[in-house]
Amino acid sequence: MRFIAARDDRRPIGAFFTRYAGVWLWLLPLLFLGLFFFYPLGAVFHLAINWAFTQGWSVDVWEQVAHPLLFTVWQALLSTLLTLVLGLPAAYVLARYTFPGKTVLQVLTTLPFILPTIVVAVAFNALLGPRGVINVLLMQAFNLANPPLQVMNTLGLILLAHVFYNTTIVIRIVGSAWSQLDQRLEQAARVLGASSTKVAWEVTLPLLRPSILAASLLVFLFDFTSFGVILLLGGPHFATLEVEIYTQALQMLNLPLAGLLSAIQLLCTLLLTVVYARLGDKQPIPLIPRLQGEGTRPPRGWRQKLLVAGMAAVLLALLVSPLAALALRSVTRLDANRGERGPVIPGLTLDYYRQLFINQQDSIFYVPPVQAARNSLAYALATTGLSLSMGFLAVYAMRTRSRRWMEALFMLPLGASAVTLGLGFILVFNRPPLDVRSFPWLVPVAHSLVALPFVVRTLQPVLLSIPGSLRQAAAVLGASPWRVWLEVDLPVMLRAVLVSAILSFTISLGEFGATSFLARPEYPTLPIAIFRFLSLPGALNYGQALAMATVLMAVCGISILIMDKMSV
Amino acid sequence: MRISRLITIFLAAALLIGACAAPAAPSVAPTQTALPTPSGPVTLTVMTHDSFAASKEVIAAFEQQNNAKLSFLKSGDAGAALNRAILSKDSPLADVFYGVDNTFLSRALDSDIYEPYASPLLSSIPAEFKLDPQNRALPVDFGDVCINYDKAFFAQKNLPIPQTLEDLAKPEYHSMLVTENPATSSTGLVFLLATIAHFGQNGYLDYWKTLRDNGLVVVDGWEAAYYTNFSGSSGKGAQPLVVSYNSSPAAEVVYATTPIAEPPIGSILGKDTCFRQIEFVGILKGTQHLALAEKFVDFMLGVKFQEDMPLQMFVYPTNTQAKLPDVFTKFAQLPAQPAILDPAVIAKNRDAWIKAWSEVVLK
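These protein sequence lines are chains A and B, in that order. Numbering-wise, our numbering puts 409 at position 409 of the first sequence, and it's gapless, one number per residue. Numbering-wise, our numbering puts 155 at position 155 of the second sequence, and it's gapless, one number per residue.
These are computed hints drawn from the structure, not numbers from a lab. Beta carbons are placed, not taken as given, at the ideal position from N, Cα and C, and that holds for glycine. Careful, some of the hints might be misleading.
Computed spacing ranges between beta-carbons, pair by pair [stated by the list, open to error]: (1) A:Ala263 - B:Lys330: 51 to 61 Å; (2) A:Gly156 - B:Lys355: 26 to 36 Å; (3) B:Lys157 - A:Val275: 54 to 64 Å; (4) A:Gly34 - B:Gln134: 35 to 45 Å; (5) B:Asp213 - A:Thr98: 56 to 66 Å; (6) A:Ala313 - B:Gly203: 51 to 61 Å; (7) A:Trp74 - B:Gln65: 56 to 66 Å; (8) A:Ala263 - B:Pro160: 47 to 57 Å; (9) B:Gly203 - A:Val104: 53 to 63 Å; (10) B:Lys330 - A:Phe357: 23 to 33 Å; (11) B:Asp110 - A:Thr103: 50 to 60 Å; (12) B:Glu63 - A:Gly156: 44 to 54 Å; (13) A:Ile49 - B:Lys271: 44 to 54 Å; (14) B:Pro160 - A:Gln150: 25 to 35 Å.
Heads up, simulated EDC-like pairs for lysine to aspartate or glutamate below, C-alpha to C-alpha not over 16 Å straight-line [to be verified]: (15) B:Lys304 - B:Glu57; (16) B:Lys89 - B:Asp110; (17) B:Lys271 - B:Glu166; (18) B:Lys363 - A:Glu63; (19) B:Lys304 - A:Asp362; (20) A:Lys198 - A:Glu186; (21) B:Lys355 - A:Glu63; (22) B:Lys56 - A:Asp362; (23) B:Lys285 - B:Glu115; (24) A:Lys102 - A:Asp564.
Whenever a hint applies, use it, and build me the whole structure from the sequences.
See below:
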């Protein structure tokens, strides 16, 4: 220690940085948040208040607020519970057992996360719709006249879609914590005579609590601000706050009401985060996290084998079958003889993929699939880099500062209305150097705002789980702070870093709303290309949209596979 | 706390990687230049909605003739794009705005975002399209929101195709129609306007009550209605009738997987079953390139662009000198008596109509 101090004395600038590092460390992510989140949001609220004063306040506010608010909370609670019901056992199986096809299953369960809602609506329709695979099979099997399953435009479908989208959050976040649990504790409890249920309740669950809480919070906030799922799958009978904000802000141009609704949405997020922070305060005893892979093994005995097989089957049925229906539809020709009104003769075709490479109408906005994929990947990589670096700075800052208020701050972007933030971007970023028109960086910046809460929530519990004694031991043994970080912090956090990277990457890859708003038409991403096809009638457009969606899934799947492999 | 320094390095590296992986633009894409040099081309920014499309060749011709670069700024659907233009009117993001239609026209004119321009080409455009006497918004194209039907369905069931709005409320067409929510979709809004034009402000809600009781399906937007609910599209939905456009049959032929002789769908063209939508272009106040913006407006109203439009956006040209492509004359038909409402009346009542409609149909 004396040696280090002496060296620092000779380098006053280095000493200065070392001494004040703690100060500017947390300034950077705060500045980022301030410039790209609070500033545009403030501009919208400012304008909304101005309009409210100049144009008066005519609507019956309470009625317009109460109904969507209640429904939003209700469906988000239900969705989160259901997501946990599926996600926790899945996380357990994937964290504790190795089995053939595990890596592929893990990648496949992540894919729903990236699919644009309109594509999911198409997939669910192909599977569950009145003329979907399941209804057709049931009608044939039982000789029914009408489709027995009527799920389109019901609350059930909203919940199903939320489970479909968000289970991967639970699997990734809780699963990564589960695979690092010290199994000797559970073994000790068993040896001391505790039943396996008792071990689960009194050892495993308390230890997993931080990660379960974190995953629940993220899932809840995602469901809470749900927009596309409600509009497209729930239909117009259901309205969440976000849907109401969209309608008021963009269709009715009623900024005061839209501003009020987004303020309420933000307030709820803040409240929830504070409650979460209180719950998270009661940290379990710090334990030495184990390295990844230590506790995983193949299932033994028929019970474990059944469990693993059953879980895999459930995941395949719920999460993978809509994806498969989509991919299948993209190579199926359904309309060959439609013009002649004969029976439909389905056949396999690669026409839709071939057509992706042809600019049929010589449009200036045509984009070849490879280039759309390249744009998507570039944005996703930039988002991953940006959100990981900001996230790292933030979690280290929160470790040393009084952290509760900052935690809430970094969760806020998840509860902010995307529509409101989009309006804010227009209001404030319209002159150089930060100009929506010429600043392609705004796209990864907007994506990072959404990804940052995930990164923070994923990294923080793991960082806090590293006992100080481990670092002190390393330091006493002569390791420099840099080496301590490299050989203590980083190996323990590696899995969480990977999870954050995958989540930010996929968030960016699938994002449509902000991208369509901020990206220049010359840099279309895959989701934007999908929308361009779906906005015109015609069998070819429909087929190409599905082909492009399959390309999106493939690009995402391969990228996740590479990231998964890199970390091992 | 040497960690911080490491993180700085990590951050710098991440930024560097991000910068290297900057999105790739197609070589033909116009690039934004902040300050045009005297000899270089001037960039004209056109703000428009997501559905805007044009041929490369046509755009390139304009750019060459005028030593200009065209940059398009797409901003969501027609309503969202207009609101964006209104919200940024103090420091305009673009020089020209294309895509406001007659249902939004009054909002655009009231917000005072346009510079008037009496284009010489207006002489080739029929008076019925010129809704703004001050020429701040100039009509570029039109189309009709109509009900499309699935030909195969009605042939198989031996059911006559409904001809009027009243027919749709009859029990034989129970749960056959899907429409869009007027609060979230312009297509849905336009169809609501057709019923108001036909039944009057006092009668339209009763009509919607009977439609609701007759199993009407409402979805949020055109994409869902057409591709997941409509049985005539590739989505193979459950409803054989959808609120869409009179040009949809032509689009089904152009975008068929294998060439087809007849479109699988048709449009119902009875009295008031269609509502005419007219789209306008206007020069945004505060433009630095007024002369060029005027040239661009002339270009949009000129024959070359007008003849390119139908197959790009599936709309009809307003310029009477522009010839229609064959698929349009063969497979798309114009209704003899489309419903029409005064834009000022629409602007005044729009929100109240949508609210009343929601109360009746959705609650």
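Each hint, compared with the structure:
1. A:Ala263 - B:Lys330: 51 to 61 Å: This hint holds: roughly 54 Å between Cβ atoms.
2. A:Gly156 - B:Lys355: 26 to 36 Å: Given a distance of about 28 Å, which is inside 26 to 36 Å, the answer is holds.
3. B:Lys157 - A:Val275: 54 to 64 Å: Check passed, 57 Å falls within 54 to 64 Å.
4. A:Gly34 - B:Gln134: 35 to 45 Å: For Gln134 of chain B against Gly34 of chain A, whose Cβ atoms are near 44 Å apart, the range 35 to 45 Å holds.
5. B:Asp213 - A:Thr98: 56 to 66 Å: Given about 58 Å between the Cβ atoms, the range holds.
6. A:Ala313 - B:Gly203: 51 to 61 Å: holds, 56 Å
7. A:Trp74 - B:Gln65: 56 to 66 Å: holds, 60 Å
8. A:Ala263 - B:Pro160: 47 to 57 Å: holds, 54 Å
9. B:Gly203 - A:Val104: 53 to 63 Å: About 60 Å separates the Cβ atoms of Gly203 of chain B and Val104 of chain A, which means 53 to 63 Å holds.
10. B:Lys330 - A:Phe357: 23 to 33 Å: Holds, at about 28 Å.
11. B:Asp110 - A:Thr103: 50 to 60 Å: holds, 59 Å
12. B:Glu63 - A:Gly156: 44 to 54 Å: Between Glu63 of chain B and Gly156 of chain A, where Cβ atoms are some 53 Å apart, the hint holds.
13. A:Ile49 - B:Lys271: 44 to 54 Å: holds, 48 Å
14. B:Pro160 - A:Gln150: 25 to 35 Å: Given range 25 to 35 Å: holds, Cβ gap about 28 Å.
15. B:Lys304 - B:Glu57: Answer holds: Lys304 of chain B to Glu57 of chain B is near 10 Å, not above 16 Å.
16. B:Lys89 - B:Asp110: Answer holds: Lys89 of chain B to Asp110 of chain B is near 13 Å, not above 16 Å.
17. B:Lys271 - B:Glu166: Between Lys271 of chain B and Glu166 of chain B the Cα gap is close to 11 Å, so the pair holds against 16 Å.
18. B:Lys363 - A:Glu63: holds, 14 Å
19. B:Lys304 - A:Asp362: Roughly 15 Å separates the two Cα atoms, so the pair holds.
20. A:Lys198 - A:Glu186: holds, 10 Å
21. B:Lys355 - A:Glu63: holds, 13 Å
22. B:Lys56 - A:Asp362: At roughly 6 Å apart (the allowed maximum being 16 Å), Asp362 of chain A and Lys56 of chain B satisfy the hint.
23. B:Lys285 - B:Glu115: Cα-Cα ~5 Å, so holds.
24. A:Lys102 - A:Asp564: holds, 12 Å
The structure shown violates none of the earlier numbered hints.
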